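*Asks:* Whole structure, please, built from the sequences with the hints as guidance.
Listed below, chain by chain, are the residues.
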Amino acid sequence: MNQDIYTVVEHLQGQVSDISYSMLSAARALANFTGGNVIAVLLGHNVEGLTRNLAADHVLYIDDPKLAEFTTDAYLKALAQLIGEKQPRAVLFGNTSIGADLASVLSVRLALPLTYSCQSISENGQLTSQICGGKIMAETPLSDLTTLITIIPGGYKPEEGQTTVSPPVTRLESPSLDDLRVWLKQYFEPEAGDVDISKEPILISVGRGISNEDNIELAEELAEALGGVVCASRPVVDLGWLPTSRMVGKSGQKVKPKLYLTMGISGAPEHVEGIADSEMIIAINSDPTAPIFDFAKYGVEIDLFDLVDVLIEKVEEAKG
Amino acid sequence: MNITAILKLVPDLVEELEIDDKGTGLDMDWLRLIINEFDDHAVEEAILLKERSEAEVTVIAPDAEGVDDVLYTAAAKGAEKLIKLTGDFEDGVNNHALARAVAHVLQNIQTDLILTGVQAHNDLDGSLGPLLAEYLHIPYAGYVSSVELNNGNAVIKKEYPGGLIGEYEVQLQAVLGIQAAEEPPRYVAVSKVRMAMKSATIEELEVGELDLSGGPEISRMFQPEVAERATMISGDDEEIASQLVEIFKEIGVL
Amino acid sequence: MAVKQAEHAVDFSRTFYTSLFDVQDGERFKNCIQCASCSGVCPYGYLMTMPPGKMIAYLRAEIFDKVLSNDTVWMCISCYACTEICPQNIPVTPGLMTRAKEELLLAGNVPNELQDALMNSQRYGNPLGESPRKRALWSKGLEPEITIMSKEKRPVDVLWFVGDYASYHPRIQITTKAFAEILNAVGIDFGILGPEENSDGDSQRLAGERGLFEMLAEKNGQSFSKYQFNQIVTTDPHAYNAIKNEYPALGISYPVQHYTQFIYERLDDLKPLLKGNGHTRVTYHDPCYLGRVNDIYEEPRKLLQAIPGVELTEMAHNRSTSLCCGGGGGGMWLDGFQWEKAHTRTTEWRVRESLSVGADVLAVACPYEAPRFEDAAKTIQGASSLAVKDVVELLLEAMEDDAY
Chain E
874 MNQDIYTVVE HLQGQVSDIS YSMLSAARAL ANFTGGNVIA VLLGHNVEGL TRNLAADHVL
934 YIDDPKLAEF TTDAYLKALA QLIGEKQPRA VLFGNTSIGA DLASVLSVRL ALPLTYSCQS
994 ISENGQLTSQ ICGGKIMAET PLSDLTTLIT IIPGGYKPEE GQTTVSPPVT RLESPSLDDL
1054 RVWLKQYFEP EAGDVDISKE PILISVGRGI SNEDNIELAE ELAEALGGVV CASRPVVDLG
1114 WLPTSRMVGK SGQKVKPKLY LTMGISGAPE HVEGIADSEM IIAINSDPTA PIFDFAKYGV
1174 EIDLFDLVDV LIEKVEEAKG
Chain C
1277 MNITAILKLV PDLVEELEID DKGTGLDMDW LRLIINEFDD HAVEEAILLK ERSEAEVTVI
1337 APDAEGVDDV LYTAAAKGAE KLIKLTGDFE DGVNNHALAR AVAHVLQNIQ TDLILTGVQA
1397 HNDLDGSLGP LLAEYLHIPY AGYVSSVELN NGNAVIKKEY PGGLIGEYEV QLQAVLGIQA
1457 AEEPPRYVAV SKVRMAMKSA TIEELEVGEL DLSGGPEISR MFQPEVAERA TMISGDDEEI
1517 ASQLVEIFKE IGVL
Chain P
271 MAVKQAEHAV DFSRTFYTSL FDVQDGERFK NCIQCASCSG VCPYGYLMTM PPGKMIAYLR
331 AEIFDKVLSN DTVWMCISCY ACTEICPQNI PVTPGLMTRA KEELLLAGNV PNELQDALMN
391 SQRYGNPLGE SPRKRALWSK GLEPEITIMS KEKRPVDVLW FVGDYASYHP RIQITTKAFA
451 EILNAVGIDF GILGPEENSD GDSQRLAGER GLFEMLAEKN GQSFSKYQFN QIVTTDPHAY
511 NAIKNEYPAL GISYPVQHYT QFIYERLDDL KPLLKGNGHT RVTYHDPCYL GRVNDIYEEP
571 RKLLQAIPGV ELTEMAHNRS TSLCCGGGGG GMWLDGFQWE KAHTRTTEWR VRESLSVGAD
631 VLAVACPYEA PRFEDAAKTI QGASSLAVKD VVELLLEAME DDAY
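Chains as they are written, first to last, in the working numbering: chain E, 874 to 1193; chain C, 1277 to 1530; chain P, 271 to 674.
The set of hints was computed from the structure by calculation and includes no laboratory data. This one's a predicted model, so the numbers in the text were calculated from it and none came from an experiment. Note that CB positions come from ideal geometry on N, CA and C, so glycine has one too.
Each computed EDC-like pair below joins lysine to aspartate or glutamate, with the alpha-carbon atoms no more than 20 angstroms apart: (1) LYS1008/E <-> GLU1294/C; (2) LYS404/P <-> GLU1291/C; (3) LYS1468/C <-> GLU484/P; (4) LYS1131/E <-> GLU1526/C; (5) LYS648/P <-> GLU1090/E; (6) LYS648/P <-> GLU1514/C; (7) LYS1058/E <-> GLU1445/C; (8) LYS1525/C <-> GLU1097/E; (9) LYS1433/C <-> ASP1111/E; (10) LYS648/P <-> GLU1174/E; (11) LYS648/P <-> ASP1513/C; (12) LYS1192/E <-> GLU1522/C; (13) LYS1360/C <-> GLU1332/C; (14) LYS1192/E <-> GLU1514/C; (15) LYS648/P <-> ASP1087/E; (16) LYS1525/C <-> ASP1182/E; (17) LYS1170/E <-> ASP1150/E; (18) LYS1170/E <-> GLU1501/C; (19) LYS1360/C <-> GLU1482/C.
Here are some chain E residues the structure puts well away from chain C; computed CB gaps all over 10 angstroms: (20) ASN919; (21) LEU923; (22) GLU958; (23) GLY1028.
*Replies:* Right under this line is the structure:
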């Protein structure tokens, strides 16, 4: 076994996801402990260009037409062979619909230990995982065998895992990818023609606490006054009050705005996962026990209907 | 056609969680257990598939306080067969051990499609679904939000971040990790569950000694510091609004 | 195929119609003269595809199965206005509306918000989804300490059944604490069940969950039987209604009073303590389950009139014609749903009425009401000066030198 830390890069539709960069930062922290290198693993077809900004010491790139799009079976075959052959100290996956699908299966296929939902890695190589909706932290050490780890957002910033100096890339042969049992038919894009909230610096986010659809107007007015955009937690989107493109959270978008102002959002873990990279979170909620107050920098315990009109007024005043 | 839904009970986060004396696990005495929300969706998806295609639904759960009620509720929704796994489950069990036990039981059950929640909030060594799939050497796909049966295969929609959906075909037998059922889990009247308690039976299967290897070696379990809590802004509407505007100016938004 | 469906539909209609006769006074459904007074007086009748009168017509035409695919029955807030006005004295609310909701529930036609409240009631013994262990947390730190029966295990004179919202909702905890002070002021030896208390279950029953109601009632019955007390007093008209009128049929029978009756009997002890705080124009809203359903109209008014400086004025709708706040029959858990359909709330109507009689204070006596009326007051022009207070709060204020 070598002391290298591998990270499995995630990419969709030509873009490397933020979690991949966060993972590289986490991998660096772990590599500092083990004394090994950070190796990014990229699977795909004709995507060598995606390695450009990966802050890794080296990239192992497995190219095959059957790896062009993510499918569990194909990726598993390629990774199982790679990990089994190279035996790195640890392999990092995103805790996502790509990484989480892979990590558990590989744990059984290769009989390797798995630590899930890891948020941070300490100087002495302890993995700290966040479970039970963020209420409990569990520390596990690196095992003697290759340790598989899934990483959640929030512990490491994507910027920390990016570089302007492209890493060296070694192209590897894929193992045979026959007898695949899962195959992609098509993608369905989210409703297009709308804002990309993951790029917006000012977000006003509404949750179930706004009570009904008509009140979204209030949020829109505030957003307009601040030059921002309205987004929402899953329940609001499920009710059809806003389109899926505005959904923030584990199944929606991950956002990293300068200001994330929440109205009527309780702060369920699935939502909080999407805002972990926000610079400043301010929460407005009439329920003082709402978990969102554990993640916000500032909180206002008030019925938002009492506040919003006055706030819009003052914002307009300040703009002069 | 037979569809099996695997469910487990997890700590209810409404109650306060306490760490045990050893400092490496949750104090089980104070826990209230409820069905894993995603497993609830898996059961709902199984019932929806049954309603569309005349399949039979089997529900399997490891023994835990309150599990009988959960199983009878599944029966009231339409599940034909209820199986409770008995064994050393009292102090909770890691997912590797549970997956092995379920895999063993499933070898003697004729089933085409296995549904389970894509994850549970107390997962520390991976999720039950994919572990189970690999012990059974069958394919897995997770984060599934819709399932259709088509000629011996399952056609699924898988959720990616940003609202992107991928449609896949999966060869059966397979395990699917359900993120959300196509309809929210239906409500069952208490009277219906009580009727199910009289008419349905729960089959108990002893699983023997549990193999815990592969599970996490927790060196320490603790609650995060509450010091991270937000600084609360107080006053009347005017005062609060003014303070917020100051903060907006500070961070350069205004 | 079509014939088979029709046959089944007819069966369903007939079975349902016949089941109505099992309800108390249910035979009267046969006497309906289709005057449509029920549909007319119903606050949301104009929005229902099948208001009560029409439901009876559908039953007679044996096409009642149509009700299962319709969700406007959930606009019913079980306010009893229909039952009150019916010239044939048909028990429309408990008989027809509740039964219709039961069928909808069995068929799985339930709005999500309501599902959550029912699920929470099952799991935690309260519709708010709060931990049962925290049910008496409101009493922490009060002097003198509130007696929790399981801790002190001694007989008390009065068992105070607190209720869900009174225990957990921050706005109503104010009323709850005020009542504790009043009980102490008149020297009552009382205790509460705390975590052993479950939801009274009445609103859940009226929302169609008979099984859940029985389960909750059984649990409360078990808690009651553990302790010794002379009577139950409650600040919640829904709990009062359940314990007085519904629990005895389940073998749970205790003397019970609403707090307005209880305090009224002890008014001579309380009156010397009431100082008053200047002149206030107060109008009293009759809660549905205190007034229309249980005929308690005068005691709350007498309590208000005992406060020096209070000028009591009546709204156009008062006593048996009082306008429901919309919280009953599951309405408390159907706000989003009902708003989507109506885009107006019954509370707004009531707040306007309060303003039209020049009231400074809208007095209430049911835990659902204060937050609902306060929310409405926020959205109505000129209502920012209207205070909404429970009678208990007004009594306590009158005992203190400065405003509460």
